[in-house]
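4 protein chains.
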Amino acid sequence: MNTPFPEPSCWLAHRISYGETDAMGVVYYANYLHLFERGRSELIRGLGFSYSVVEERGIFLPVREATCRYLAPARYDEIIHIRTGLSGQSRASLNFVYEITNADKSLVLTRGTTQHAVVNAQGRPVRIPDWLSALFD
Amino acid sequence: MNTPFPEPSCWLAHRISYGETDAMGVVYYANYLHLFERGRSELIRGLGFSYSVVEERGIFLPVREATCRYLAPARYDEIIHIRTGLSGQSRASLNFVYEITNADKSLVLTRGTTQHAVVNAQGRPVRIPDWLSALFD
Amino acid sequence: MNTPFPEPSCWLAHRISYGETDAMGVVYYANYLHLFERGRSELIRGLGFSYSVVEERGIFLPVREATCRYLAPARYDEIIHIRTGLSGQSRASLNFVYEITNADKSLVLTRGTTQHAVVNAQGRPVRIPDWLSALFD
Amino acid sequence: MNTPFPEPSCWLAHRISYGETDAMGVVYYANYLHLFERGRSELIRGLGFSYSVVEERGIFLPVREATCRYLAPARYDEIIHIRTGLSGQSRASLNFVYEITNADKSLVLTRGTTQHAVVNAQGRPVRIPDWLSALFD
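Chains as they are written, first to last, in my numbering: chain A, 476 to 612; chain B, 476 to 612; chain C, 476 to 612; chain D, 476 to 612.
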C-alpha cells in the first residue's frame, strides 16, 4: 500500500484494555473490526455529524465486506492510533480503509477495509442521499 | 449458598472460545455476565417460548443489577455448564441466580445474580403480564 | 463460490445471544470473526486434538489475514451453523474458509477466510510440524 | 451512595461504539464491567505506573467479585465518563468503586464495585507489596 492514504481521513487514539486481549497476550483478532468501527464513526462525526444522525434520517450503512491484515500485535495498555479514510463511493455504497499504528505511528499493526451498503430502514438499498454524499466531498 | 438452587432452573453447556479469554489466559471477567445471559435465555426458552417472543409482545426485561463472584478461572477450550434459576418475582421485577461449573460439574467457577425490571416498549415499568408470570409457575 | 467446500470440514451449531447483537438488531459485524474462531477450533478438535494442545506443544497459529462477506443478517435467538474447512496449507501457513448459515442451512449469511502463520513461542515462523500437518491429511 | 466518592480517584472519558450496544439499542450490560476495567487501569496508571508494570513485577489482581447497578442506559455515540476510586485495601485485597455518568456528568448511569485478590504468578494469594500499596496512599 504505497499509494497515498485516501482523503478525507482522520486519526483516533485508543488505549488497549485488558478486555480486548486474548490468551495469546495480544489484541484478539476480531476486535480490530471493532476498532475500525471506532475510526469510521470518528471520520463521519468529524466531517459534519454523527452516524447516529444518519440513522435518525432513516439511512443505515450495514457492512457488506470487511478485510483485515495483521502485521504486528498490539498489547494491553498500549496507545494505538486508528487512521480511517474514505476510499470510494458509488451510487449505493461507501468504502473505507484503515490503518492501525503503534503509539508513535512508526509501525503499522493492521490494515483493513470495509464496504458498506446504503439502505433505508426497511433494509432496501437506496441511492446515497445528497446530504450524506456531500459530507465526503 | 447452601440453600437449594431455586426452581425452575436449567443447565446449558458452553465451550470457551479464544475470544472469551484475556491476557491472563482465562475467561475475561465481564464475559461471565454474557454467559449468564445465555443461561437466562435458555431458561426462558425452555419454559415455553423465547425471550424474543417476550419482546415481540412489547415486554422488555432490562437488567437493574448484576453481581458475580469469581471462585475459579475457566480456560480456552473448556466445556463449562451454566445453571440458571428463577430466584424470585415481584409485581414488576424478576430475579435470577447463576452457577457456572467446570466440565464434570464438580467445581463451581462463578456464582451470580441478576435483577430485571419489567418494562414496556417506552421503557416504563409495568406489572408482569400473566402470560409471562405463568411461565415461571 | 461454486467450488465445492474444501475438506476436511465440519459444522458447528451456535445460538445467537443478545450480547452478540448491536443497535441495528443484528449480530455485530466483528462477532463473525469470533464465530469463525469457534468453527476453526471445532475443526481442529474434531481432527484429533484441541488447539490448546497445539499451543502446549509450542506451536501458535496467529491470524495473518481475515476476510468476511456479509450476505444476510443473523438475529438474537437464532440458531446458526458455522461450516469450516481447510482450504490450503503451505510450509508455514494454514488457510481456512467459513460459511455461516441460518437454522435450516438454506441460506448462507456470511462467508469468510482466515490465513494463519505457524510460529513458535517466540513468535518466529516455523515449518508446520508433521504431527500438525498430519491432522489435516 | 451519599457518602463522598473515595480517594484516590480519577475520571476517564469514553465514546460509546456501535459494537458496545445490543439489540435494545443501549450498551449491553456486560460491557459496563469492561468500562470499569478501563477506569481501574486509568486510576492505577495515573497513580504512578501501568498495571502492565504490576504484572511484570509478578503481581496479578484477579477480580473476586463484581457488582453493577444499572440506573439509566447509554447509547451509541454518547460520551460517558467513568469515575473510579479505591474504596479499600486489606493485606491481600483491593476494592474499587465506579460511577459512570452521561456527557455533562449530570446523571449517574451505572454504579459498581470490584474486589480483587493480590496473587503471584502461580495464582497464590500474597501480601500487597509495599511498592503497590504506596501507590494508593
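No wet-lab data here; the hints were simulated from the structure. All C-beta atoms in this analysis are idealised placements derived from N, C-alpha and C, irrespective of residue type, glycine included. Take the hints with a grain of salt, since some may be wrong.
Quick partial rundown of chain B residues pointing at chain C, CB under 7 Å, derived from the structure [what the hints assert, rightly or not]:
no., residue
1, GLY494
2, ARG513
3, SER525
So, going through the hints one by one against the coordinates:
Nearest Cβ of chain C to the Cβ of B/GLY494: about 4 Å, under the 7 Å cut. The hint holds. The restraint placing B/ARG513 at the interface with chain C holds, with a minimum CB-CB distance near 5 Å, inside the 7 Å limit. Here the hint on B/SER525 is kept, as its CB sits about 5 Å from the closest CB of chain C, short of 7 Å.
In this structure, every one of the numbered hints holds.
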